Amino acid sequence: MITAVAVTSALLVGGAVLLSFKVSRDDRPLGVAVPPSRVDDPVVRRSVASFRTWTVALTLVAAAIAGVLGSRGHFEFAVEISLLLALALLVLFSAKRGPIVRAKQEHGWYADVPEVKRASLTDEQEPDVMPLKATMLFLLSLVPGLVLTAWAVAVWDTIPDRVATHFDGSMNADGWTDKGPGLIAMTLFPVGLGLIMWGTGWITQRAPARSAERSRAVRRKGTLGLAWLTLVMNVLLSWDFYVVLNEPTQRQLQVALWATLAGVFVMCGWLIISMSTAEMKAAEREYKDPSSRPRHDPDDDEHWKAGLFYYNPDDPAFVVDKRVGIGTTFNFGHRWGKVAAVALVAIVVVSVVLPFVL
Amino acid sequence: MELELDLNSPVPMYRQIRDQVVAAIASGRLEPGTKVLPVRKLALALAINPATVQHAYDMLREEGFLTTEGRSGSVVSLPAGPVDDWHARLSALVAEGLARGLTADEVHREVDLCTRELTAGGAR
Numbered sequence: 043m044i045t046a047v048a049v050t051s052a053l054l055v056g057g058a059v060l061l062s063f064k065v066s067r068d069d070r071p072l073g074v075a076v077p078p079s080r081v082d083d084p085v086v087r088r089s090v091a092s093f094r095t096w097t098v099a100l101t102l103v104a105a106a107i108a109g110v111l112g113s114r115g116h117f118e119f120a121v122e123i124s125l126l127l128a129l130a131l132l133v134l135f136s137a138k139r140g141p142i143v144r145a146k147q148e149h150g151w152y153a154d155v156p157e158v159k160r161a162s163l164t165d166e167q168e169p170d171v172m173p174l175k176a177t178m179l180f181l182l183s184l185v186p187g188l189v190l191t192a193w194a195v196a197v198w199d200t201i202p203d204r205v206a207t208h209f210d211g212s213m214n215a216d217g218w219t220d221k222g223p224g225l226i227a228m229t230l231f232p233v234g235l236g237l238i239m240w241g242t243g244w245i246t247q248r249a250p251a252r253s254a255e256r257s258r259a260v261r262r263k264g265t266l267g268l269a270w271l272t273l274v275m276n277v278l279l280s281w282d283f284y285v286v287l288n289e290p291t292q293r294q295l296q297v298a299l300w301a302t303l304a305g306v307f308v309m310c311g312w313l314i315i316s317m318s319t320a321e322m323k324a325a326e327r328e329y330k331d332p333s334s335r336p337r338h339d340p341d342d343d344e345h346w347k348a349g350l351f352y353y354n355p356d357d358p359a360f361v362v363d364k365r366v367g368i369g370t371t372f373n374f375g376h377r378w379g380k381v382a383a384v385a386l387v388a389i390v391v392v393s394v395v396l397p398f399v400l
Numbered sequence: 015m016e017l018e019l020d021l022n023s024p025v026p027m028y029r030q031i032r033d034q035v036v037a038a039i040a041s042g043r044l045e046p047g048t049k050v051l052p053v054r055k056l057a058l059a060l061a062i063n064p065a066t067v068q069h070a071y072d073m074l075r076e077e078g079f080l081t082t083e084g085r086s087g088s089v090v091s092l093p094a095g096p097v098d099d100w101h102a103r104l105s106a107l108v109a110e111g112l113a114r115g116l117t118a119d120e121v122h123r124e125v126d127l128c129t130r131e132l133t134a135g136g137a138r
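Top line first, the protein sequences correspond to chains A and B. Read in order, the letters of the first sequence are residues 43 to 400 in our numbering. Read in order, the letters of the second sequence are residues 15 to 138 in our numbering.
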């Protein structure tokens, strides 16, 4: 099962990168701003084609390596392959955009292109709000953990003195915790997770943002998907903890944990497919309606580090439209963007280290 | 009313904002009493430093083209009377034109052209 997860993860990483081309503006190839007249320049076409070819090759190699490692029992290394693939694709992306950047500078592609910024002095974009359905789902996601905690407190005397809380790659218990405050913290974990996800969704919707209506629509869909994912995860986690606290047989424990893993995997896959479909539809609408595309977009490459990471301390927006793909990203030059950067690095580090620690 | 900032212009962005607001008032596209975006929201929309927008708004307030109405924000207004240094600034601009080789007739034509462009939309 973990081998299948590792192989699929590698394929999903590569697939997501290839999909990003379908939902990106054609005047931002590999994250480089080019004027509309240069979109079909041979340098641009060659660079993009080369990146696509190498992405397919690296993805297939990574999936094969993950499969081999997993089949030989090296589960933690198999899981790391996806992270290594993402890193490799990032390096590849930086390398392949280089010829476009050089051609643009050497031949002065923007020399005769008017560069303007436009905005209405009087009309304000409607504030983005979290869909009511998402709010209700986030609220509902807190219920399983609260019910589980209330039940645990009510039957505290019947809970075993030692409870299995850590499991190996085959879902066999290999670590136990004594009955105490730690178990209550465990039952409240889904509540904490729900609150964090809710807060993340709220911040994403309400943060000072500058984004096109298509990006706002995709973001609202993403928040709704996150709310569903949080609800399903908390139901499954609460069920797992309930099983763990009831002196389960080995079989009961394995069924609960594998079902949770499969459920989370399916939900994440659904979210990825749902968001990708929304982005592709939004991109298609944009390409069919030329009037919706910005005119004379300025060459702001200086603010897009490696073509992917927006850094502009002068820009008051905390969230801006992505340069590659549809959706939004942080302005890492904003004071809260710096906090987000630290948090993201921490998540990546933890993700790399966790498989070796668990 | 849409602002359009030319990034390749030698004119600073705060000056472009100020000049475009004044031109819009002169041409009737912006009417007195119209509410303008707060500094931060306009800066957000333009992706520029809020201090740049603040500078433009401060200039417009000093000149009487913007008025702050408490918590409601800023609205377009008309100065109570002629700006004291307007003649001096016009004189300097005309002098520059003449110094660059324009004839008096050419200066007249340019002033007429600008006035016609601004009043074409039904200005005051």
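It cannot be assumed that every hint is accurate.
[Unchecked claim] The calculated lysine to aspartate or glutamate pairs, modelled on EDC-like cross-linking and capped at a C-alpha distance of 20 Å, are: (1) B:55 - A:363; (2) A:64 - A:82; (3) B:55 - A:82; (4) A:159 - B:18; (5) B:55 - A:170.
[What the hints assert, rightly or not] Residues from chain A that face chain B, not an exhaustive set, calculated with beta carbons under 7 Å: (6) 164; (7) 170; (8) 358.
No lab work stands behind these hints: they were computed from the structure. Values in this document were obtained by computation on a predicted structure and should not be read as measured data. Cβ coordinates follow ideal geometry from the N, Cα and C atoms, glycine included.
A quick look at each hint next to the structure:
With a C-alpha separation of about 17 Å, the suggested pairing of residue 55 of chain B with residue 363 of chain A holds against the 20 Å cut-off. About 16 Å separates the Cα atoms of residue 64 of chain A and residue 82 of chain A, which keeps this hinted pair within 20 Å; it holds. Restraint check for residue 55 of chain B and residue 82 of chain A: not satisfied, since their Cα atoms lie roughly 36 Å apart, outside the 20 Å limit. For a cut-off of 20 Å, the pair hint linking residue 159 of chain A to residue 18 of chain B stands: about 6 Å separates their Cα positions.
For the proposed pair residue 55 of chain B and residue 170 of chain A, the alpha carbon gap of about 14 Å is at most 20 Å, so the pair holds. Because the beta carbon of residue 164 of chain A sits about 6 Å from the nearest beta carbon in chain B, less than 7 Å, this interface hint is met. Given hint, residue 170 of chain A at the interface with chain B, is violated; its Cβ is 13 Å from that chain's nearest Cβ, farther than 7 Å. At a threshold of 7 Å, the smallest CB-CB gap from residue 358 of chain A to chain B is about 5 Å, leaving the interface hint in force.
When held up to the earlier numbered hints, the structure conflicts with 3, 7 and fits the remainder.
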